[in-house]
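Student: From just these sequences and the hints, can you work out the full model?
Number of protein chains: 2
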Amino acid sequence: MSERVIKIGLLGLGTVGGGVYRVLQKNADLIARKTGVRLEVAGILVRDVGRDRGLSLPPGVLTDRPEDILDDHTIQIVVEVMGGTGPAFDYVRRALKRGKSVVTANKDMMAEHGKELFDLTREGKSDLLFEASVAGGIPIIRVLKQCLAANRIEAVMGILNGTTNYMLTRMTAEGTDFQTVLQEAQALGYAEADPTNDVEGYDAARKTAILASIAFNTRISFPAVYVEGISRITAEDITYATELGYVIKLLGIVKDTPEGIEVRTHPALLPRQHPLAAVNDVFNAIYVRGDAVGETMFYGRGAGALPTASAVVADIMDAARNIVHRVPGIISCTCFEERPLKEMGRVRCKNYLRLRVVDRPGVLAQIARVFGDNQVSLAAVTQKHSEGTKAELVLVTHEVAEQNLRDALAGLTGLDVVERICNVIRVEGDS
Amino acid sequence: MSERVIKIGLLGLGTVGGGVYRVLQKNADLIARKTGVRLEVAGILVRDVGRDRGLSLPPGVLTDRPEDILDDHTIQIVVEVMGGTGPAFDYVRRALKRGKSVVTANKDMMAEHGKELFDLTREGKSDLLFEASVAGGIPIIRVLKQCLAANRIEAVMGILNGTTNYMLTRMTAEGTDFQTVLQEAQALGYAEADPTNDVEGYDAARKTAILASIAFNTRISFPAVYVEGISRITAEDITYATELGYVIKLLGIVKDTPEGIEVRTHPALLPRQHPLAAVNDVFNAIYVRGDAVGETMFYGRGAGALPTASAVVADIMDAARNIVHRVPGIISCTCFEERPLKEMGRVRCKNYLRLRVVDRPGVLAQIARVFGDNQVSLAAVTQKHSEGTKAELVLVTHEVAEQNLRDALAGLTGLDVVERICNVIRVEGDS
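If you read the protein sequences in the order shown, they are chains Z and L.
Mapping of the first sequence onto UniProt numbering: residues 1 to 431, in sequence order.
Mapping of the second sequence onto UniProt numbering: residues 1 to 431, in sequence order.
Don't read these hints as lab results, they were simulated from the structure.
Don't take each hint at face value.
Each pair may be met inside one copy or between any two copies, as identical chains are not told apart.
[Unchecked claim] In silico lysine-lysine, DSS-like type, Cα no more than 30 Å apart, as pairs:
hint, residue 1, residue 2
1, 125, 7
2, 26, 145
3, 125, 145
4, 145, 7
None of the values given here were measured: they were computed from a predicted structure.
Tutor: See below:
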């Protein structure tokens with residue numbers, strides 16, 4: 001009896017696509033034993049079919065015509081590894097409409113168009129799997145959908161962007177400033193020439209939207225995520241955070257609260273003993289708190305050809321197994337609730353503040369009064385170095401609603417003794 | 001249209017059983033939405049049906065007759081949370097023979113009788129799920145079988161026993177000795193009156209056998225695991241390890257090597273910067289290295305009613321979903337290879353040694369010669385405190401085959417300058 005074969009079409013053969021192809025080849029026998037079926041890459045969509053990619057590809061497998069893959073009825077699984085929301089989105093829709101299962105690593109597409117795509121699978125009874133779209137090789141989508149499914153998820157906090165985690169790790173270890181470490185990251189290929197997407201938090205925010213959608217069974221799209229990046233973090237902030245017993249990390253945070261769900265991405269001070277605090281360099285990790293399981297954390301490489309391929313190929317194997325057993329879509333969209341989002345002004349955090357003030361008696365009293373008038377209570381105030389008539393103050397608030405803090409900050413800018421509010425960074429994981 | 005119901009039978013209502021019941025009740029609606037079916041606990045086997053367990057149970061659900069559950073054709077999923085390999089094993093066999101799906105938290109049974117039980121599911125097309133048998137609430141069985149399925153697994157190292165990790169954490173933090181911390185753990189309920197199973201490594205070794213079976217697709221039973229416990233670790237060992245930049249952890253270790261697979265459980269020195277080194281107190285964690293994904297780690301609570309229930313109920317949900325879609329056993333036994341085990345004598349490690357020797361010139365030369373004669377090369381030798389005519393030596397070897405080290409140790413015991421080989425502990429995670 002000949003072995004059953006399932007044909008796959010790859011859309012894209014860049015870093016991730018090349019990794020997927022290599023893993024499918026290298027571990028072909030293992031994959032066949034585990035799924036009961038041999039996976040054959042029958043077509044790969046590329047822009048330039050003539051380019052040498054250092055891969056030994058069967059003749060004729062490359063094509064620059066999407067219809068060669070999307071209209072081929074023998075291809076049952078389409079693997080989208082192009083990225084972006086342009087043609088990729090169009091191709092995935094077409095694949096799903098034709099009843100094909102789709103595996104994608106595309107966070108942009110899933111964070112913006114997840115609902116529309118899942119609606120197409122419901123018609124077509126196909127799989128739409130996207131493990132690689134969040135945290136690369138770290139299993140988290142399937143973990144939330146399946147392994148931790150018995151839990152009501154209380155909180156998810158993730159280090160979801162390797163570039164910024166590398167930069168913050170270097171800034172912490174070496175005391176270097178943001179611009180220096182950004183250039184270093186660019187030289188190493190960890191940061192792009194235009195680093196906006198990483199350093200301003202947009203990449204992490206898209207992943208945060210996807211995590212929130214799954215954690216709370218409620219569709220959250222990227223524009224609903226509150227975002228702040230790390231470009232305003234200075235060497236001073238990191239030094240002071242260290243002195244206070246914290247590290248600074250860019251976090252994707254989703255929380256269940258009685259007033260709605262919180263979905264936000266911003267830098268935060270984390271206590272040094274928090275499980276996420278030791279996650280350094282380009283590594284990613286996701287901390288999940290569930291009502292039954294308690295605290296868990298999942299750690300690994302959030303990017304790179306082979307780690308991402310690990311997640312993509314696991315999805316392909318699931319899709320193939322589901323085709324063999326005639327149950328594509330057995331675990332489909334889990335956004336069956338519509339929970340309200342909490343306004344950012346009502347989010348409650350501790351906060352770290354760094355102020356530049358006039359260095360003379362009575363200044364602290366004026367500042368403290370503004371905080372008090374806005375129901376912001378201070379946990380700690382430290383005067384850092386002073387230069388001539390100016391001094392730097394570091395303050396840590398107790399937990400306070402964001403709106404009260406904003407009102408207090410507005411009040412501070414009206415004081416002539418406050419020269420500048422240098423930075424405000426939320427504190428997480430401290431309760 | 002009335003909602004579909006799947007009936008469940010619980011075998012046991014102790015700590016884990018009570019947790020499973022509570023999670024099923026508390027998150028009943030969420031579970032129904034995710035699986036498409038309502039789960040009803042139709043029978044619970046207990047020894048004493050009259051005892052008050054602080055749970056609000058429907059009348060008549062408790063029984064002391066196993067046949068009430070095993071012979072009830074309306075019960076489709078049997079959840080075994082009794083533990084041990086006596087009646088539990090018999091009941092699970094009977095359930096599988098009747099075509100029921102089985103969810104179990106029973107590491108003893110799975111580590112000793114996994115093959116026989118899986119053979120029964122192959123006949124019956126039922127699920128046998130056992131996520132909770134290793135590391136409590138941490139997803140690792142499904143992670144290896146599904147999420148990391150595209151990888152050839154190179155190594156798994158786990159902190160799999162909370163009791164011993166708590167003890168080692170306290171010994172490290174406080175410098176206390178083994179007996180003191182054992183009594184403390186017993187007073188807190190972390191260690192049992194007879195602590196043998198935990199402190200001698202048998203509990204961790206059973207979990208190691210299960211992890212090895214899945215990681216290498218090769219059935220490894222508990223008796224095949226090399227085991228050493230932590231009862232010989234002293235406060236001195238921990239102090240010296242700290243000085244060398246290591247922490248001591250009890251690890252379950254499985255490794256793929258050209259000469260066969262290694263499956264062992266023993267204390268080990270881990271570099272302080274290793275991801276597992278920061279896993280403290282009763283927490284568990286499993287580090288997995290795959291050929292595609294690279295380094296990953298999974299962290300959480302390895303025991304306790306609710307964390308374990310999180311894993312058990314996730315398995316119940318999978319089993320229920322598979323029944324609804326008529327695909328029980330869609331992911332079944334993955335032991336389709338028979339890879340050879342490597343003899344312990346051929347395992348290569350760095351080693352830490354603590355010796356009590358006569359404190360006089362020329363002693364080190366004699367010792368070094370014995371090591372050299374046995375092809376054991378030393379990376380570091382430090383003389384620790386001396387008392388009168390005796391001194392303590394701490395040595396670290398380069399990587400060496402276990403047999404060569406054993407031969408060297410036999411040679412040392414023949415030297416009259418060596419009073420005692422106080423301890424030998426392997427070093428892991430250092431390459």
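Student: Please flag the earlier hints that this structure goes against, numbers listed from lowest up.
Tutor: none
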